[in-house]
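Chemist: From just these sequences and the hints, can you work out the full model?
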Amino acid sequence: MHALDGLKVADFTTMINGPYAALMLSDMGAEVVKVEPPDGDPWRVMAGGFMAYNRGKRSLVVDLKKEAGREIARRLISRADVLIENARWGVWHKLGLDYESIREANPNLVYLSSLGHGSRGPYRSLPGYDPLFQARSGQMVGQGGRGKPPVFHRIALNDLGCPMLGAFGVALGLLARERTGGGQRVETSLTNASVALQAGEFLDYEGFIRPDLGGPDVLGLNALSRYYQTADDRWIFVMAPKEKHFINLCQTLGLQSLTADARFATPEARATNDADLADLLAGAIRGRTADESLAALARADVPAALGRTHDELFDDAHIRVNRLLDERDHPEHGRVRLIGVGPAFSDMTGVIRRPAPMLGQHTEEVLAELAYSSKEIARLLTDRVAFKAEPPAGNASEVS
Amino acid sequence: MEQALSGFTVLDFGRYIPGPYAAMLLAEQGAEVIKIEPPGGDPARGHPAFRVFNRSKRGLVLDLKKQAGREAAQALAAKADVLVQNFRPGAAERLGLGYEALRGLNPRLVYLAITGFGPAGPYRDIAGWEPLVGAVSGVHVEQGGRGSLPPAYIVLPLSSYYAAFMAAYAVTIALYAREKTGRGQRVDISLLGAILAASSGLMLNFEGQIRIPFTGSQGVSPIYRLYQGSDGQWFFLALGNLTFFAKFALLIERVDWLDDPLFEGAPFLILPPRNEQATAMIQEIFLTRTRDEWLKILREADIPCAPAQPVETYMDDPQVEANEMVLSIEEPDLGRVRQMGVPVRLDMMPGRVLGRAPRLGEHSRDILSGLLGWGDDRIETLRKEGVI
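Chains A and B are the protein sequences, given in the same order. When we follow this note's numbering, the leftmost residue of the first sequence carries the number 1, and every step to the right adds one. When we follow this note's numbering, the leftmost residue of the second sequence carries the number 1, and every step to the right adds one.
By construction, these hints were calculated from the structure, which means they are not laboratory data. Values in this document were obtained by computation on a predicted structure and should not be read as measured data. Check the hints yourself; a few may be wrong.
[What the hints assert, rightly or not] Here are some of the chain B residues that sit facing chain A, going by a computed Cβ distance under 7 Å:
(1) Leu105
(2) Pro107
(3) Leu149
(4) Pro151
(5) Trp234
(6) Ala306
(7) Asp316
[Unchecked claim] Below, a list of computed lysine-lysine pairs in the PhoX-like style, where the Cα atoms sit at most 25 Å apart:
(8) Lys388(A) with Lys8(A)
(9) Lys388(A) with Lys65(A)
(10) Lys66(B) with Lys94(A)
(11) Lys375(A) with Lys388(A)
(12) Lys388(A) with Lys66(A)
(13) Lys296(B) with Lys148(A)
(14) Lys94(A) with Lys66(A)
(15) Lys65(B) with Lys79(B)
(16) Lys244(A) with Lys8(A)
(17) Lys247(B) with Lys65(A)
(18) Lys66(B) with Lys384(B)
(19) Lys8(A) with Lys180(B)
(20) Lys244(A) with Lys65(B)
(21) Lys65(B) with Lys242(A)
(22) Lys180(B) with Lys247(B)
(23) Lys8(A) with Lys65(A)
(24) Lys65(A) with Lys94(A)
We put the CB at the ideal spot given by N, CA and C, even for glycine.
Modeler: Right, dumping it as structure tokens:
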């Protein structure tokens, strides 16, 4: 069984924020229809990213600029449990699909606005790309260090955090609906996510000393919590926060003398002489391979880990045992390996119902479910109100 | 019903960030959250952020190393809707708080276990510390640029934050399922799984995959990256589609760029070495005015851009204020502490912030008498024995 079996989600979102919220519901068993414009979600140009954020869904292509297209959308919405939208503020009002306009037709709908800047405030109509929030919120300056060049985060921090919060909001809305009846509108935004992803940093009071941990080439926090380079040109992260870790670390590396060295005798002394300590540890670790050091540190109960690339994770036994990856065949891209379902439940399973859809792959099937006759469907296709998938192109690898 | 989780009781045995943050998110959607700490307190108590992750909760101290402490915890678990813990795998079982033991007492319990690396597999017993998760998950090496480049340690505790979000979602899903089945269950969230979920778009593998090449730590492409104004201040230019690129080209009177092979692959796949040349050309243009002048000009032309600024500046941002994402809580020892608001809003059931984090054991007596109906004598005995 899946938690959201039978639940119908109308997903009108594009890019990352939005699609990922619908994906989290899909992973719990919901049937998600992704509604796309005729030229598709713009993120389809990033074939990999598109698959990662849209696996499990069906694709319905409709031109919402046409009244007959909006009628299809209204019919889909009137039968849905959940609607998700992430357009610029105002776009949905113009289409007449904002919450106030549709609640009467479906009072049980849980309507998630997963916005950029939020529905209020001076910037609400501005476009909402993730790095704009990384820049404005302090995430880039925090990583780059004060007075130094800011650093761009490769993970689209807020674009992923926002839909996780949005999925939480939808789940709350569904639970409330079970308990009291009636749907409601739920809102979150990249603005909210950028704050919530700095919950411990977005903080101020009289006398607060703000840490400045970032830097252009930051390897860690201090000599006893950082990366070191190994003889085979790998990097390992070593953590020795407690006295016993420090002693074991020194012994493991053949640096026993350091434990008796006044410069490193206490945590305070070590903090003062951090650079010296880092140099000594770096020298010792540079003299051994990563495997040698990691094995010795594990025996000495000093926490340490190899810094790895994503590519190295695909065949990792731990990743496999915890089922963190999914692997399936996609009609265009062949064997695709990507991240699986996140949460694990003892009495339910997650599900990935299908690979990411081709543009308009399920248009006819979904229209039929919305009680359009085959004659009407043919008409909608001829009138270019709805669109279905073209047969796959000859050379799959060229499509992306 | 005032809030979505009104009437639900959550026992929060969490420490540091992920468990407490997940429980705080639940508290502010209406759940009654009891933070249960050992006599020495949550090890994060000394950290200022402790106040944020533990606000809107009541505090109880229980010594789980003593039999009477474990009995009190089990009595609470028998009445609770949700239990949150982020102990190392196996530790909860040793404290009498394992899922198998508790489900017998309370089959409706939703039991959340947050671990560093998951309940199984070869890395299961690695300490679930943020930097080690960053190393194992690949995010530090990927942030650093791979190959011969060193990894980049990420300053924000991202995997803890994402794990908290995912945990709040999964617990609510389990409560929703319970409405239908009448049964609770165990939910497992790992920091590793959470940070990999956040890396979904980067970590995948298929034949013919096109990857955005690493072009330095200031962005992904010449038209999607950080630039400096003439005053040395930084801002991000986000020409995320060809319409914005066209608006920009028009603004700076370089419409020839739109079909210049230099920019082929725009917006994201302008490959090396072209990207360096294009970046230099754009940077030169931006050096003609200050950052703030450019921001004004760009915004008037509907071109996405934003200043790179420190978090304290963001705390005064009108957009943050308009969305109620900054608020103040009075703490007896620190005064007014400005901090985040409630990040998810249900229109009919808005969230609530109940106030400051509890002092160690502040509500021990109230909770044991109110929730368990224990009398003064029994509570006094526990106090004397050092259990509460």
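Chemist: If a hint holds in the structure, say so; if it does not, say that too.
Modeler: Here's how the hints hold up against the structure:
1. Leu105: Given a least distance of 16 Å, the restraint on Leu105(B) is violated.
2. Pro107: violated, 11 Å
3. Leu149: violated, 9 Å
4. Pro151: holds, 4 Å
5. Trp234: holds, 5 Å
6. Ala306: Interface hint status for Ala306(B): holds (4 Å vs cutoff 7 Å).
7. Asp316: Violated: closest Cβ of chain A sits about 10 Å from Asp316(B), beyond 7 Å.
8. Lys388(A) with Lys8(A): holds, 21 Å
9. Lys388(A) with Lys65(A): holds, 17 Å
10. Lys66(B) with Lys94(A): violated, 64 Å
11. Lys375(A) with Lys388(A): Holds, at roughly 15 Å.
12. Lys388(A) with Lys66(A): Holds - the C-alpha atoms of Lys66(A) and Lys388(A) are around 16 Å apart, at most 25 Å.
13. Lys296(B) with Lys148(A): holds, 23 Å
14. Lys94(A) with Lys66(A): holds, 12 Å
15. Lys65(B) with Lys79(B): holds, 21 Å
16. Lys244(A) with Lys8(A): violated, 55 Å
17. Lys247(B) with Lys65(A): Holds: Lys247(B) and Lys65(A) sit about 23 Å apart, inside 25 Å.
18. Lys66(B) with Lys384(B): Holds - the C-alpha atoms of Lys384(B) and Lys66(B) are around 13 Å apart, at most 25 Å.
19. Lys8(A) with Lys180(B): Judged against 25 Å, a Cα distance of about 17 Å means the pair holds.
20. Lys244(A) with Lys65(B): holds, 23 Å
21. Lys65(B) with Lys242(A): holds, 22 Å
22. Lys180(B) with Lys247(B): Measuring from Cα to Cα gives roughly 52 Å; hence the hint is violated.
23. Lys8(A) with Lys65(A): holds, 24 Å
24. Lys65(A) with Lys94(A): holds, 10 Å
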